[in-house]
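> Let chain A serve as the given structure and place chain B on it in line with the hints.
Now for the letters of each chain:
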Amino acid sequence: MPFRAEAVEEGLVEVAGELDVASAPALEACLSLAMPSAPGRRLVLDVHAVTFCDSRGLAALIQASRSLPPGGALVLRGVQPFLERLLSIAGLDTVFEVQLAEPGAS
Amino acid sequence: MLDAAPNRLTLRASGNTAPVPGSRWVRLPASATAPALARDAVRDLLASIPIDGETGELVVLLVSEVVTNALLHGEGPIGMALESSDGQLTIGVADRCPQRTLELRHPGPEATSGRGLQFLDEFAARWWVEQGDGAKTVWFRVDFPTPDP
Numbered sequence: 001m002p003f004r005a006e007a008v009e010e011g012l013v014e015v016a017g018e019l020d021v022a023s024a025p026a027l028e029a030c031l032s033l034a035m036p037s038a039p040g041r042r043l044v045l046d047v048h049a050v051t052f053c054d055s056r057g058l059a060a061l062i063q064a065s066r067s068l069p070p071g072g073a074l075v076l077r078g079v080q081p082f083l084e085r086l087l088s089i090a091g092l093d094t095v096f097e098v099q100l101a102e103p104g105a106s
Numbered sequence: 001m002l003d004a005a006p007n008r009l010t011l012r013a014s015g016n017t018a019p020v021p022g023s024r025w026v027r028l029p030a031s032a033t034a035p036a037l038a039r040d041a042v043r044d045l046l047a048s049i050p051i052d053g054e055t056g057e058l059v060v061l062l063v064s065e066v067v068t069n070a071l072l073h074g075e076g077p078i079g080m081a082l083e084s085s086d087g088q089l090t091i092g093v094a095d096r097c098p099q100r101t102l103e104l105r106h107p108g109p110e111a112t113s114g115r116g117l118q119f120l121d122e123f124a125a126r127w128w129v130e131q132g133d134g135a136k137t138v139w140f141r142v143d144f145p146t147p148d149p
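Line by line, the protein sequences give chains A and B.
Counting from 1, position 36 in the first sequence corresponds to residue 36 in the numbering used here; the numbering is continuous, with no gaps.
Counting from 1, position 90 in the second sequence corresponds to residue 90 in the numbering used here; the numbering is continuous, with no gaps.
Only chain A is shown next, with the shape it has when bound in the complex (with noise of 0.2 Å):
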């Protein structure tokens, strides 16, 4: 499935496809242009059609989280069970604010 980043609007970015060193850039583009400005606002990243996540993959949704305003959360919403898993295995489930994909949505 081919990748696609797309910034919609300030606070929200829908993600489609596999995330690894060649479509990282294209990702953390999109996450500077939709970062929030204002202390405390949400930076959500709809990851539902995200189909293949690695390293190199979480390494951008760090990176993001560290360029929040304070206070500010980065959310991952649609996050379908092989990315719960990977987010688990990585210790970041905590990190990010995880919300799983409706069971049979893709």
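No lab work stands behind these hints, which were simulated from the structure alone.
Any given hint could be a false lead.
[Claimed, not checked] Stretch by stretch, here's where chain A covers chain B in the computed footprint (C-beta under 8 Å, at least three residues):
#, segment
1, 31-42
2, 57-64
3, 68-75
4, 108-115
[As the list claims (entries may be wrong)] Computed spacing ranges between beta-carbons, pair by pair:
#, chain 1, residue 1, chain 2, residue 2, range
5, A, V8, B, G87, 44 to 52 Å
6, A, R4, B, R141, 33 to 41 Å
7, A, A49, B, G134, 35 to 43 Å
8, B, D40, A, L33, 26 to 34 Å
9, A, E97, B, R105, 24 to 32 Å
10, B, E110, A, M1, 22 to 30 Å
11, A, S88, B, G114, 15 to 23 Å
12, A, M1, B, Q99, 31 to 39 Å
13, A, S88, B, Q131, 28 to 36 Å
14, A, Q63, B, R105, 15 to 23 Å
15, B, G134, A, R42, 44 to 52 Å
Think of the CB as a built atom: it goes at the ideal place given N, C-alpha and C, for glycine as much as any other residue.
Just chain B now, kept in the frame of chain A:
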């Protein structure tokens, strides 16, 4: 010939003088597309063996990590050997940078590098590195339960 040495390494590591049944050799470009091509090749192999979905996902993840490592820290081109036998997958990724050794770190949850090797160390049954003939090959083995006949 750039691709000769990794092939010899593959054959020597498997202890055979000819490719064994169930083994494949994939040549990958030294470009950012290499991990995706490697994952596709591994998914093809996984579809032909009785491996459960979650273990298969881990194998695809480890392949992506090791090929990315070869891409970022080695010199291209990259070769990948895939060998499957009953309940066991052995995968080797060769690059042309024998000098560079791998450094296993234990990154914290918020580290942005070093995680790939950590995954390899945690989830491969075994992993090891072969150096020589102008190449470095990172091998790893994943065991998976086979269904009862």
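> Checking C-beta pairs, does the segment 57-64 of chain B have three or more residues closer than 8 Å to chain A?
holds (count 4)
> Tell me if the beta carbons of R4 (chain A) and R141 (chain B) are separated by a distance inside 33 to 41 Å.
For R141 (chain B) against R4 (chain A), whose Cβ atoms are near 35 Å apart, the range 33 to 41 Å holds.
> Could you say whether the range 44 to 52 Å given as a hint is met by the Cβ separation of V8 (chain A) and G87 (chain B)?
Holds, since V8 (chain A) and G87 (chain B) (Cβ atoms, about 46 Å apart) stay within the stated range.
> Can you take a look at whether the segment 68-75 of chain B is actually covered by chain A? Rule is 3+ residues, C-beta closer than 8 Å.
With 3 residues closer than 8 Å to chain A, the segment 68-75 of chain B meets the three-residue bar; holds.
> Do M1 (chain A) and Q99 (chain B) keep their Cβ atoms within the hinted range of 31 to 39 Å?
About 37 Å separates the Cβ atoms of M1 (chain A) and Q99 (chain B), which means 31 to 39 Å holds.
> Per the coverage rule (Cβ-Cβ under 8 Å, at least three residues), is the segment 31-42 of chain B covered by chain A?
holds (count 5)
> Look at the Cβ atoms of Q63 (chain A) and R105 (chain B) and judge whether their distance stays inside 15 to 23 Å.
Between Q63 (chain A) and R105 (chain B), where Cβ atoms are some 18 Å apart, the hint holds.
> Honestly, do S88 (chain A) and G114 (chain B) meet the 15 to 23 Å range at C-beta?
holds, 18 Å
> Holds or violated: 22 to 30 Å for the Cβ distance of E110 (chain B) and M1 (chain A)?
Once the Cβ atoms are compared, 28 Å apart, the range 22 to 30 Å for M1 (chain A) and E110 (chain B) holds.
> Determine whether the Cβ-Cβ distance between S88 (chain A) and Q131 (chain B) falls within the hinted range of 28 to 36 Å.
About 34 Å separates the Cβ atoms of S88 (chain A) and Q131 (chain B), which means 28 to 36 Å holds.
> 35 to 43 Å was suggested as the range; check whether the CB atoms of A49 (chain A) and G134 (chain B) agree with it.
holds, 42 Å
> So the hint says 24 to 32 Å: do the beta-carbon atoms of E97 (chain A) and R105 (chain B) match that?
Since E97 (chain A) and R105 (chain B) have Cβ atoms about 27 Å apart, the given range 24 to 32 Å holds.
When held up to the earlier numbered hints, the structure conflicts with none and fits them all.
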